[in-house]
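Residues per chain are reported as follows:
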Amino acid sequence: DAMVIQNPRYQVTQFGKPVTLSCSQTLNHNVMYWYQQKSSQAPKLLFHYYDKDFNNEADTPDNFQSRRPNTSFCFLDIRSPGLGDAAMYLCATKSGIPTTNEKLFFGSGTQLSVL
Amino acid sequence: DQQVKQNSPSLSVQEGRISILNCDYTNSMFDYFLWYKKYPAEGPTFLISISSIKDKNEDGRFTVFLNKSAKHLSLHIVPSQPGDSAVYFCAALSGGYQKVTFGTGTKLQVIP
Numbered sequence: 308d309a310m311v312i313q314n315p316r317y318q319v320t321q322f323g324k325p326v327t328l329s330c331s332q333t334l335n336h337n338v339m340y341w342y343q344q345k346s347s348q349a350p351k352l353l354f355h356y357y358d359k360d361f362n363n364e365a366d367t368p369d370n371f372q373s374r375r376p377n378t379s380f381c382f383l384d385i386r387s388p389g390l391g392d393a394a395m396y397l398c399a400t401k402s403g404i405p406t407t408n409e410k411l412f413f414g415s416g417t418q419l420s421v422l
Numbered sequence: 099d100q101q102v103k104q105n106s107p108s109l110s111v112q113e114g115r116i117s118i119l120n121c122d123y124t125n126s127m128f129d130y131f132l133w134y135k136k137y138p139a140e141g142p143t144f145l146i147s148i149s150s151i152k153d154k155n156e157d158g159r160f161t162v163f164l165n166k167s168a169k170h171l172s173l174h175i176v177p178s179q180p181g182d183s184a185v186y187f188c189a190a191l192s193g194g195y196q197k198v199t200f201g202t203g204t205k206l207q208v209i210p
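Chains A and B supply the protein sequences, listed in that same order. For my numbering, add 307 to where a residue sits in the first sequence, where the first one is 1. For my numbering, add 98 to where a residue sits in the second sequence, where the first one is 1.
Incorrect hints may appear among the rest.
Claimed, not checked - Cβ-Cβ distance ranges computed for the label pairs, FRET-style:
no. : chain 1 : residue 1 : chain 2 : residue 2 : range
1   : A       : Pro325    : B       : Leu109    : 38 to 44 Å
2   : A       : Ser329    : B       : Gln112    : 20 to 26 Å
3   : B       : Pro138    : A       : Asp369    : 14 to 20 Å
4   : A       : Phe361    : B       : Gly114    : 44 to 50 Å
As the list claims (entries may be wrong) - Beyond 10 Å from chain A on every Cβ pair, some chain B residues (computed):
no. : residue
5   : Gly114
6   : Ile118
7   : Phe160
8   : Lys166
9   : Ser172
10  : Ala189
What the hints assert, rightly or not - Covered stretches of chain B, going by a simulated chain A footprint (3 or more residues, C-beta under 8 Å):
no. : stretch
11  : 139–152
12  : 173–184
To be clear, the hints were calculated from the coordinates, so they are not data collected in a lab. Beta carbons: idealized from backbone N, C-alpha and C, even for Gly.
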């Protein structure tokens, strides 16, 4: 049973055309993350939510926005995709309650292509 | 500023032998570490983790060792199997914080 679901798996958009990637979770986790991963690089944290509290990374471009309308869903909006935004976008969740097991649960990712 | 480093981009190991993947970190505030495995076009899957209060954690064929003084951890896979061929990411976080920082990954190839 998928616990963190990302749609779509593959997304093709045109240069400058807004695109939205979605993520949903059935784990009822407090924290949701969006990571960008380019080939042979570390997943780069764009932002995360702790419940409704939004935490933006300092180097995340303004072109990237996020919405979390409820616990289960989180969206990544790219307002004007450039060629450099082509990447795998990973959504992840975490409980947020300090435990001895702080693991993140990842979705399968959305591979974004920009033409 | 790469706070979590995996200096070996790739590693090849014969099936049945031990695979050792290394990870170094610079932030002394990190107190929890995780290893993830990633196949192409899929999201990372959790393998094993370790808290800074321990120096070893074992789960089946996977063992993680933590050397806090050296700010170094390693993942041992023994015996290695062809299905272990994937990219392995080391990740770290600080207690009380939600930000999780990943290393650049090591691509492991297990040769049958």
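Here's how the hints hold up against the structure:
1. Pro325/A - Leu109/B: 38 to 44 Å: 41 Å, holds
2. Ser329/A - Gln112/B: 20 to 26 Å: 43 Å, violated
3. Pro138/B - Asp369/A: 14 to 20 Å: 31 Å, violated
4. Phe361/A - Gly114/B: 44 to 50 Å: Between Phe361/A and Gly114/B, where Cβ atoms are some 48 Å apart, the hint holds.
5. Gly114: Consistent with the label, Gly114/B stays out of reach of chain A, its closest Cβ about 28 Å off (over 10 Å).
6. Ile118: 20 Å, holds
7. Phe160: At about 14 Å from chain A, Phe160/B clears the 10 Å cut-off, so the statement holds.
8. Lys166: Non-interface label on Lys166/B holds, nearest chain A Cβ at 17 Å vs cutoff 10 Å.
9. Ser172: 18 Å, holds
10. Ala189: Incorrect as stated: the minimum Cβ-Cβ distance to chain A is 8 Å, not above 10 Å.
11. 139–152: With 8 residues close enough to chain A, the hint holds.
12. 173–184: violated (count 0)
In terms of the numbered hints stated before, the structure departs from hints 2, 3, 10 and 12, listed from lowest to highest.
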